[in-house]
Amino acid sequence: MMRRTLSRVWLTLVLVVVASSSLVAQDSPATYHWSLWLGSRYTGLDNYTQKVGEYNRGEKEAMPEVGFTLNGAGGYNSFDLQGHFYNPDEADFLARARVDDRLKFSARYRSVAHRQGTDLLENLLVRESTNREGTTPGGKMITHEDLDPGAEYGYTRHQVESNLEYTPRRADWLKLSAAHRSIIDKGDEQLLTAMHCSSCHISSMSVERDQASHAVALGAAAEKENFAVDYKFDYRTFSSGTGPAEIAYDSASHPTTGLSGDEFASRVNYEGEDVLVALIPDVKKMAHQLNGRVTVWDGTLLGRASTMTAENDYSGLKTTVYSGAVKYSKRLSPRVAVHALATGRERESDETPIDLLPWREGRAGGGQDFDYIRYSTLTGRAVESEAELTFRPNAKTDLGFLVGYEAEQHEDYPSYGAKETMNRYVGQFKAGHRPSRQVNARLKYRLELTDNSFTNYNRLLEENGHLTLEQNSATGLAYYYQREALRTGDITTQPTMGHYVDIGLNLRPSPKFSAQFTAKATMEKNDELAGLDNFEYERTAYQPAVSVGFTPQPEWNIFGSFSYLFDEANGPVTVAMMDG
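Read the sequence shown against the working numbering and you will find it ends at 580, with the numbers running on by one and no gaps.
No wet-lab data here; the hints were simulated from the structure.
Careful: at least some of the hints might be erroneous.
[As the list claims (entries may be wrong)] Distance condition first, Cα-Cα at most 25 Å in a straight line; then the derived PhoX-like pairs of lysine-lysine:
#1 Lys186 to Lys60
#2 Lys525 to Lys444
#3 Lys520 to Lys430
Build the full structure now, drawing on both the sequences and the hints.
And the structure:
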């Protein structure tokens, strides 16, 4: 497949050059330019360089490089061919042609090597202690193994793009377009799998990376004096040429005593068998978009309507999005203008059934069915609206006042049919002042008030001693799944109030000197979270910056810049432990 793709790219480039050269030759006078560059590169690689030399092929030797350009023009026809070749993993070729100023075509091929680091798993050494001092080891632990020690991971990305634009000779108001893009990855990558109790044993192995995505776009645009419309169709596919990897799951047993049997096997989904993991499904996506512009009541009305569907070919799960937007702008007077915007989106994502074996099947205190349906937080609808009034009191000053409202409803979150809704109210003021050609200043302040910010209802934190677990009547023991009752606190990094300031000053006292000063500040807070007091979220950030430029002579340009970022936020920290 890779060889066929590269052959098509080379054939396309050759055809473009030959056809364009003949077309240019028909016009007089015609001009041609070419250049050739030859060289070599040597890269020293020592010790562990997979991430330091992330985009290096990893060859420690001198390698030749070739670069060239060839272009020609005559009348309304022209062509351009560029290329750079370092090695089969790093190359770039571009071909462009224009015929009679009505047909434009371009094709490009690029390849790049991407080396990936290896997770050595050396931080996965955890064992339970039965005393606070940590001197008496218990039975629960996390272990790991590398099934392919010393393996290096990385892949080569090949990207092919082509674009075509055509304007019919008798319809200058119409433009047709077509585009194509293919991305192909080939190499090896690291696969991590977890066995038993979610995180008791981690295995690392090498798997082949052979992925390809293809995209095709078709479009048509028509434009008249007071009217314009364009339509675009997109179709994309993603596929993996490598099947799922197979890994041997250990027989369930106690990590220290080695005891096994039905007592341990009844708690896991896989036990002492080969299991397929890392299945990469094929995905296809289709989208339609229609844009329009028309003059209404001496103002400009813009509209957009689109639909998108993405489907997982393996599971049949599908996500569908419908969206639209309308914007109207009108100048009420030479100094006053109004702008109004309204957008809407409805998104539906199929629910996913999760099928698990009965817990402790056939054992005392077991038989619980943990099957459930995972409803997507993507399902829901959102609307956004804003209105802005711009005012110019004099030729040197511009003012803007904006108010807005946003709402987003999650259809099935935190539970089926809950229809949780977030509401946000926005106010904004901006001003610009130009007292002279040498000075230009601006200021923008934005206030956002949010009601019912999106929160994490999984409640990942557990307050010590918050509740007492009830023992199972059949065994007299408490189990991990019962710890769900101990979790508390809604968690989010979404503020209920936010203040945002942006200030800028441009100075140009002379044609040879210029300076820019900017300052941005953010203050966010959310003190409405349920649970412990330390769940309150607060963030403060500010960033001043200055840049200067000096041009003593037309041949010289001296410039410099400095910026400082301070960003402070608080948030809860949690550590995953064996007891949940």
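Verification of the hints:
1. Among the hinted pairs, Lys186 with Lys60 is consistent with the structure: their alpha-carbon atoms are about 21 Å apart, no more than 25 Å.
2. About 20 Å separates the Cα atoms of Lys525 and Lys444, which keeps this hinted pair within 25 Å; it holds.
3. With a C-alpha separation of about 14 Å, the suggested pairing of Lys520 with Lys430 holds against the 25 Å cut-off.
Figure legend: structure checked against the earlier numbered hints; every hint is met.
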